[in-house]
Amino acid sequence: MKGMVLEYVLLDLDMQLFQLGFFYNKNERGETMTFLVLMAGLFLLIYMKEPFSKKMYGYVYLAFYLMVLALYIINTTFVNLISSKLLLIITVIVISPLFISFLKSSNESR
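The opening residue of the sequence shown carries number 10 in the numbering used here; numbering runs sequentially from there.
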């Protein structure tokens, strides 16, 4: 019974997001989540003035972030090069070091 209630809640939330126009069909959920994760990463990159202590590492990280952003734009606009789920996984992998350094810096400031 619990599983059915949870499934109904998730389907209802899915339909509400569909009606609000967050995505046009059910297949765009991964693309929307990828966009949100990329924008959160961009916010963290701007919020943290110096995310990494070594300059070369920061430049390499920025290059990887920009490549994933370009891949997202190409994948959603022009040609589907990879699946949206794989793109989401790559995005989470690229954003996680920045998120971890953000958590460490916020923990040290306390």
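Possibly wrong hints are sitting among the right ones.
[What the hints assert, rightly or not] If you anchor each label on the Cβ, the simulated ranges turn out as follows:
| id | residue 1 | residue 2 | range |
| --- | --- | --- | --- |
| 1 | K94 | M48 | 12 to 20 Å |
| 2 | I98 | F52 | 33 to 41 Å |
| 3 | S115 | V88 | 19 to 27 Å |
| 4 | I91 | I55 | 34 to 42 Å |
| 5 | E117 | T86 | 35 to 43 Å |
| 6 | G67 | L45 | 20 to 28 Å |
| 7 | F87 | S118 | 38 to 46 Å |
| 8 | S115 | S92 | 18 to 26 Å |
| 9 | N89 | S114 | 22 to 30 Å |
| 10 | N116 | F52 | 14 to 22 Å |
| 11 | I83 | K113 | 16 to 24 Å |
| 12 | R119 | I91 | 34 to 42 Å |
Because the hints were derived from the structure by calculation, they are not lab data. Note that beta-carbon positions come from the ideal geometry of N, C-alpha and C, so glycine has one too.
Which numbered hints fail: 2, 3, 4, 8, 9 and 11
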